[in-house]
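Peer 1: Put together the whole structure using the sequences plus the hints.
Each protein sequence line maps, in turn, to chains H and W.
If you're matching positions, the first sequence starts at 5 in this note's numbering and goes up one per residue.
If you're matching positions, the second sequence starts at 11 in this note's numbering and goes up one per residue.
Here are the computed lysine-lysine pairs in the DSSO-like style, where the Cα-Cα straight-line distance is at most 27 Å:
no. : chain 1 : residue 1 : chain 2 : residue 2
1   : H       : LYS70     : W       : LYS108
2   : H       : LYS68     : W       : LYS52
3   : H       : LYS24     : H       : LYS68
4   : W       : LYS52     : H       : LYS18
5   : H       : LYS45     : H       : LYS24
6   : H       : LYS68     : W       : LYS108
7   : W       : LYS108    : H       : LYS24
8   : H       : LYS18     : H       : LYS68
9   : H       : LYS45     : W       : LYS120
10  : W       : LYS81     : H       : LYS45
Distance ranges between label pairs, derived from CB positions:
no. : chain 1 : residue 1 : chain 2 : residue 2 : range
11  : W       : GLU104    : H       : ASP31     : 25 to 33 Å
12  : H       : GLY20     : W       : ASN37     : 36 to 44 Å
13  : W       : PHE56     : H       : GLY20     : 32 to 40 Å
14  : H       : PRO90     : W       : SER22     : 31 to 39 Å
Covered stretches of chain H, as calculated for chain W (at least 3 residues, CB under 8 Å):
no. : segment
15  : 48-55
16  : 113-121
In short, the hints are calculated from the structure, not lab data.
Every residue, glycine too, gets a C-beta built ideally from N, C-alpha and C.
This is what each chain is made of:
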Amino acid sequence: GAVVSQHPSWVICKSGTSVKIECRSLDFQATTMFWYRQFPKQSLMLMATSNEGSKATYEQGVEKDKFLINHASLTLSTLTVTSAHPEDSSFYICSARDPRGDSYNEQFFGPGTRLTVL
Amino acid sequence: GESVGLHLPTLSVQEGDNSIINCAYSNSASDYFIWYKQESGKGPQFIIDIRSNMDKRQGQRVTVLLNKTVKHLSLQIAATQPGDSAVYFCAEKEYGNKLVFGAGTILRVKS
Numbered sequence: 005g006a007v008v009s010q011h012p013s014w015v016i017c018k019s020g021t022s023v024k025i026e027c028r029s030l031d032f033q034a035t036t037m038f039w040y041r042q043f044p045k046q047s048l049m050l051m052a053t054s055n056e057g058s059k060a061t062y063e064q065g066v067e068k069d070k071f072l073i074n075h076a077s078l079t080l081s082t083l084t085v086t087s088a089h090p091e092d093s094s095f096y097i098c099s100a101r102d103p104r105g106d107s108y109n110e111q112f113f114g115p116g117t118r119l120t121v122l
Numbered sequence: 011g012e013s014v015g016l017h018l019p020t021l022s023v024q025e026g027d028n029s030i031i032n033c034a035y036s037n038s039a040s041d042y043f044i045w046y047k048q049e050s051g052k053g054p055q056f057i058i059d060i061r062s063n064m065d066k067r068q069g070q071r072v073t074v075l076l077n078k079t080v081k082h083l084s085l086q087i088a089a090t091q092p093g094d095s096a097v098y099f100c101a102e103k104e105y106g107n108k109l110v111f112g113a114g115t116i117l118r119v120k121s
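Peer 2: Here is the structure:
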C-alpha cells in the first residue's frame with residue numbers, strides 16, 4: 005500500500021526560529037501533496053496544496069510567507085514554519101496523492117508532526 | 011462538512027454495542043465521501059468510503075450510509091471494541107482533489 009512518512013514526528017523550538025517539516029511518499033510518486041493543520045480537539049484544516057515543480061496553492065487565510073512549501077521532487081514536500089510563534093504550535097499532517105489505479109481513495113496521510121513553540 | 015473548530019462531541023458506548031456516528035456535509039456537489047479514524051498523536055486512517063451514486067456501503071464491521079437529500083453521512087460500527095476508541099472524521103472530496111473534513115466525533119468504548 006501507499007506509505008507516507010513525516011519527519012520529524014515532533015519538534016520543540018524557540019519563538020522566532022524557523023522549523024522545517026518533511027513529507028515523503030515512500031513507495032509511490034506523488035505529484036500532489038497536501039498540508040493540514042490540526043489544533044487540539046479540532047478537525048483537520050487544509051493549509052495548502054503542493055504541486056511538484058510549481059508553486060503551492062494556499063487556502064484562504066493561510067500566510068504563504070509564513071508557511072513556505074517546497075515540492076522539489078515527486079516524493080518530497082517540505083513545510084517550513086518561519087519565525088514561529090506559540091500560536092503556531094499545532095499538529096501538522098501531510099497527505100500525498102497516489103494517482104495509480106482507479107480508486108477514488110487517492111490520498112494517503114502521514115503520521116503527523118507535533119510542533120511546540122516556546 | 012465544514013470544520014467549525016469547536017470542541018468535538020463525544021459518543022460513549024459499551025463494548026459489544028453498535029455505534030453510530032453522524033456527519034453533515036455542506037457541498038451538494040461532492041461526489042465522494044470518506045470516513046477516517048484518528049488515534050491520539052497519529053494521522054488519519056482510512057476506514058471506508060462511498061461514492062454519491064450509492065446510499066450504503068459495507069465493510070468489515072463498518073457500514074456507511076449516505077443521504078444526499080439532507081446531506082448526511084453516518085458510520086455504523088458493529089460490536090464496538092475498545093480498539094475502536096478514537097476520533098472519527100468524515101471528509102468530502104471537492105474540486106482539485108481537496109478533502110474537507112467534518113468536525114469529528116470522539117468515540118469512547120467502555121469495557
